[in-house]
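*Asks:* So the sequences go chain by chain: A and B.
Residue 132 is where the first sequence starts when you use my numbering, and the numbers rise one by one after that.
Residue 1499 is where the second sequence starts when you use my numbering, and the numbers rise one by one after that.
Calculated from the structure, these hints are not laboratory results.
Be a bit skeptical, because a hint or two may be false.
[As the list claims (entries may be wrong)] Derived DSSO-like pairs (lysine-lysine); straight-line CA-CA distance at most 30 Å:
{"id": "1", "chain 1": "B", "residue 1": "Lys1561", "chain 2": "A", "residue 2": "Lys381"}
{"id": "2", "chain 1": "A", "residue 1": "Lys182", "chain 2": "A", "residue 2": "Lys327"}
{"id": "3", "chain 1": "B", "residue 1": "Lys1729", "chain 2": "B", "residue 2": "Lys1744"}
{"id": "4", "chain 1": "A", "residue 1": "Lys293", "chain 2": "A", "residue 2": "Lys381"}
{"id": "5", "chain 1": "A", "residue 1": "Lys293", "chain 2": "B", "residue 2": "Lys1561"}
{"id": "6", "chain 1": "B", "residue 1": "Lys1561", "chain 2": "B", "residue 2": "Lys1577"}
{"id": "7", "chain 1": "A", "residue 1": "Lys293", "chain 2": "B", "residue 2": "Lys1636"}
{"id": "8", "chain 1": "A", "residue 1": "Lys381", "chain 2": "B", "residue 2": "Lys1577"}
{"id": "9", "chain 1": "A", "residue 1": "Lys381", "chain 2": "B", "residue 2": "Lys1636"}
{"id": "10", "chain 1": "B", "residue 1": "Lys1636", "chain 2": "A", "residue 2": "Lys139"}
{"id": "11", "chain 1": "A", "residue 1": "Lys293", "chain 2": "A", "residue 2": "Lys374"}
{"id": "12", "chain 1": "A", "residue 1": "Lys374", "chain 2": "B", "residue 2": "Lys1561"}
{"id": "13", "chain 1": "B", "residue 1": "Lys1621", "chain 2": "B", "residue 2": "Lys1636"}
{"id": "14", "chain 1": "A", "residue 1": "Lys139", "chain 2": "B", "residue 2": "Lys1561"}
{"id": "15", "chain 1": "A", "residue 1": "Lys139", "chain 2": "B", "residue 2": "Lys1621"}
{"id": "16", "chain 1": "B", "residue 1": "Lys1621", "chain 2": "B", "residue 2": "Lys1635"}
{"id": "17", "chain 1": "A", "residue 1": "Lys377", "chain 2": "B", "residue 2": "Lys1636"}
{"id": "18", "chain 1": "A", "residue 1": "Lys177", "chain 2": "A", "residue 2": "Lys327"}
[Unchecked claim] A short, non-exhaustive set of chain A residues, derived as facing chain B with CB atoms under 7 Å:
{"id": "19", "residue": "Ala146"}
{"id": "20", "residue": "Ala150"}
{"id": "21", "residue": "Ile154"}
{"id": "22", "residue": "Arg157"}
{"id": "23", "residue": "Ile217"}
{"id": "24", "residue": "Arg220"}
{"id": "25", "residue": "Val223"}
{"id": "26", "residue": "Pro225"}
Fair warning: this is a prediction, and the values are worked out from it, not measured in the lab.
Quick reminder that beta carbons are idealized off the backbone N, C-alpha and C, glycines included.
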Amino acid sequence: MLETSIPKNSTVLAALLRADFTILWRNRRSLRLVLLLPLIILFSWKGLVDKLGGVFVLSSCITIGLTSIGLMGYTNSIARDRDRGIFQRLRVGPVSAWTIMTSRLLVQVAMILLMTILIFIGGYFVDHIQLSPAGYVAGLLLAMLGGAVYLGMGQAIVGRIKNPDTVNSTTRLVYFVFIMIGMFGEFGMLGEILGKIVVWSPYGVVRRVLASSLAPATWTMENTYALLASVGYAAVFIVLGVKWFKWESK
Amino acid sequence: MNEQLSADASPILDVQHLNVSYGAFQAVREVSFSVYGGEIFGLLGPNGAGKTSTLSAVEGLLKPDTGTITVAGYDTRQKPLHARANMGVQLQATSFQPELTIAEIIRLFASIYGVNLDEASVKEKLAAINLEAAAGKKIAELSGGQQQRVSLIISTIHNPQLVLLDEPTTGLDPQSRRQLWERMEHFRNNGHAVLLTTHSMEEAEAVCDRIAIIDHGRIIAIDTPEALIDKHRHDPEVQKAVRKGKVTLEDVFIGLTGTAVRS
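Using the sequences and the accompanying hints, generate a full structural model.
*Replies:* Below you can see the structure in the form of structure tokens.
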């Protein structure tokens, strides 16, 4: 038997990352949509900063951005590429399956970082929201946790549903429900019971954890519960997403 | 079969007692066959006969219930990456990222297979298939035949011992199909093992050295096309299938697998 050399995982991952970032860049329209929506909300809420608080405004915008990235960006790109057979084409090569998904997730992590930093910059220069250095660092870290919740949720959706059009309509519906019910529920416009449900929903706990991380001095026990709930949501969604996921749509 | 192959040569692909099922449905039953270097081996069968399941098991895309598959001596379950590094796969659909250019796709897959390709080498590869002008184009901008040529270049970019081609000529015009046959023969003549699935009996007869006919998950015949025709030419079912006086491989195929249209 001839000795067969297998490319290193790092080489494969670097090649996949180069391709996935190129694809992200070529899909600039969807990139802009994902990044613009939270920024538009941030700028349009400028007049509400005094009333709602800068931390609330920033955390809401980041949560909306995370929802866009996790549900609209990641989920639909996975459903579309699975349907095209792109994953199967990669999997017949000497590639560990985890490198394919890791590359996709790293692109989303980069998007989350970019979106969060853009919101911090926009918040600082346009809405004049200033945080402590610890607030910025903690905000970035907990945006990653929030990202895990929504990427996990997206993974569960794309795991459960195979048809890319159905995935697309489902993510739009979930996105709309989260944003609308989440925002109006938190404003107390949907009644007390729905308001409480929203507070402990994936939208509510992520927003609360983010808000607390942006102002670490105000951290309370309730926020710790919200943090634990976020970790729990992320774990459940990821486990279900990985369990349900199939590499082909047939 | 090519003369390079001696009776005691080790097969490049060896499938033994393969069983694949989807829930209660058993798609592949006790399938065994070997493909040697310098040989084009055709896997023929009606729709749903078990061809794609067999091929998917070889490619590592699905896990067989039982049985062993070795590629270049590597067990696909114990050493899946080593086995896959020794095979080049052309899937039914071209399945490449539509956002990337042809040059970018070639470089991506070259890296995945551990092959270093600079820009000049990519151009060289494309020139070999008369597509030097396509480097900056997207896959959707190419014709079906051009896409298949690119796909074949990518499948064999690492000079694999085993080339798996899943219905590669479907939808191609006669010129493109002939060109692809020549590529297959080129691989065979250079000692590669080629496993081909096809619905075209003309193609199987034209390029395959040996053929296995699979139906209801079982291999029901395995031999050279000529030997299969000779062996079955007097079968009553084959005689019923003959259309133009002379027994063809298609008549044998219909005789062995029946006339009922499969879904």
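*Asks:* If a hint holds in the structure, say so; if it does not, say that too.
*Replies:* So, going through the hints one by one against the coordinates:
1. B:Lys1561 / A:Lys381: holds, 16 Å
2. A:Lys182 / A:Lys327: holds, 21 Å
3. B:Lys1729 / B:Lys1744: Given that 30 Å is the threshold and the Cα spacing comes to 14 Å, the pair holds.
4. A:Lys293 / A:Lys381: holds, 8 Å
5. A:Lys293 / B:Lys1561: This hinted pair holds, its Cα atoms lying about 20 Å apart.
6. B:Lys1561 / B:Lys1577: Cα-Cα ~13 Å, so holds.
7. A:Lys293 / B:Lys1636: holds, 26 Å
8. A:Lys381 / B:Lys1577: holds, 27 Å
9. A:Lys381 / B:Lys1636: holds, 26 Å
10. B:Lys1636 / A:Lys139: Within the cut-off at roughly 28 Å; holds.
11. A:Lys293 / A:Lys374: Satisfied, since the Cα-Cα distance of roughly 14 Å is no more than 30 Å.
12. A:Lys374 / B:Lys1561: Between lysine 374 (chain A) and lysine 1561 (chain B) the Cα gap is close to 16 Å, so the pair holds against 30 Å.
13. B:Lys1621 / B:Lys1636: Holds: lysine 1621 (chain B) and lysine 1636 (chain B) sit about 15 Å apart, inside 30 Å.
14. A:Lys139 / B:Lys1561: holds, 24 Å
15. A:Lys139 / B:Lys1621: holds, 25 Å
16. B:Lys1621 / B:Lys1635: Roughly 13 Å between the alpha carbons, so the hint for lysine 1621 (chain B) and lysine 1635 (chain B) holds.
17. A:Lys377 / B:Lys1636: Given pair lysine 377 (chain A), lysine 1636 (chain B) holds - Cα atoms ~27 Å apart, limit 30 Å.
18. A:Lys177 / A:Lys327: holds, 27 Å
19. Ala146: Holds, because the Cβ-Cβ distance from alanine 146 (chain A) to chain B comes to roughly 3 Å (cut-off 7 Å).
20. Ala150: For alanine 150 (chain A), the interface hint holds, since the closest Cβ of chain B sits about 5 Å away, which is under 7 Å.
21. Ile154: holds, 4 Å
22. Arg157: holds, 4 Å
23. Ile217: Isoleucine 217 (chain A) check passes; min Cβ-Cβ to chain B is 6 Å, inside 7 Å.
24. Arg220: Constraint on arginine 220 (chain A) satisfied, holds at 4 Å.
25. Val223: Interface hint status for valine 223 (chain A): holds (4 Å vs cutoff 7 Å).
26. Pro225: At 4 Å from the nearest chain B Cβ, proline 225 (chain A) passes the 7 Å test, so the hint holds.
In this structure, every one of the numbered hints holds.
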